[in-house]
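Asks: Please construct the entire structure, taking both the sequences and the accompanying hints into account.
Counting in the UniProt record's numbering, the final residue of the sequence shown is number 81, and the numbers go up one at a time with none missing.
None of these hints come from the bench; they were simulated from the model. Quick caveat, the model's predicted, so the values are computed rather than measured. Please note that the accuracy of each hint is not assured.
As the list claims (entries may be wrong) - Across the chosen pairs, the derived CB separations fall in these ranges:
no. : residue 1 : residue 2 : range
1   : Gln6      : Asp28     : 15 to 23 Å
2   : Val61     : Asp28     : 12 to 20 Å
3   : Leu59     : Glu30     : 14 to 22 Å
C-beta atoms are modelled at their ideal positions from N, C-alpha and C, and glycine is treated no differently.
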Amino acid sequence: MKTYQQVLEELLQTFRTLVPQATEIDEDTELVGSLGLDSMKVMNLLQEVEDHFDVSIPLNVLPDVRTVGDLAQKIHKQLQD
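Replies: Pasting the structure below:
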């Protein structure tokens with residue numbers, strides 16, 4: 001089972017492939033505000049993340065996901081269930 005830190009690191013690696021190289025990304029980076037992701041990019045990102053971690057993230061949890069850390073927590077919880 002992956003730890004939260006492992007999930008976060010893998011998630012950060014995924015994000016780094018999707019944003020310009022100069023963009024700093026960490027646990028507190030806001031998905032929409034800081035990264036400038038629109039709803040379509042967020043949906044594409046979620047698909048990649050779900051495929052990578054082999055989880056399904058319910059759409060009803062998305063309003064609670066503001067930062068990379070929030071998403072890592074949701075994924076970690078899915079992996080534990």
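Asks: Given the hint of 12 to 20 Å, check if Val61 and Asp28 actually sit that far apart at their C-beta atoms.
Replies: 19 Å, holds
Asks: Starting from the hint 14 to 22 Å, judge whether the C-beta atoms of Leu59 and Glu30 obey it.
Replies: Taking Cβ atoms as reference, Leu59 and Glu30 lie about 19 Å apart, which means the hint holds.
Asks: Tell me if the beta carbons of Gln6 and Asp28 are separated by a distance inside 15 to 23 Å.
Replies: 18 Å, holds
In this structure, every one of the numbered hints holds.
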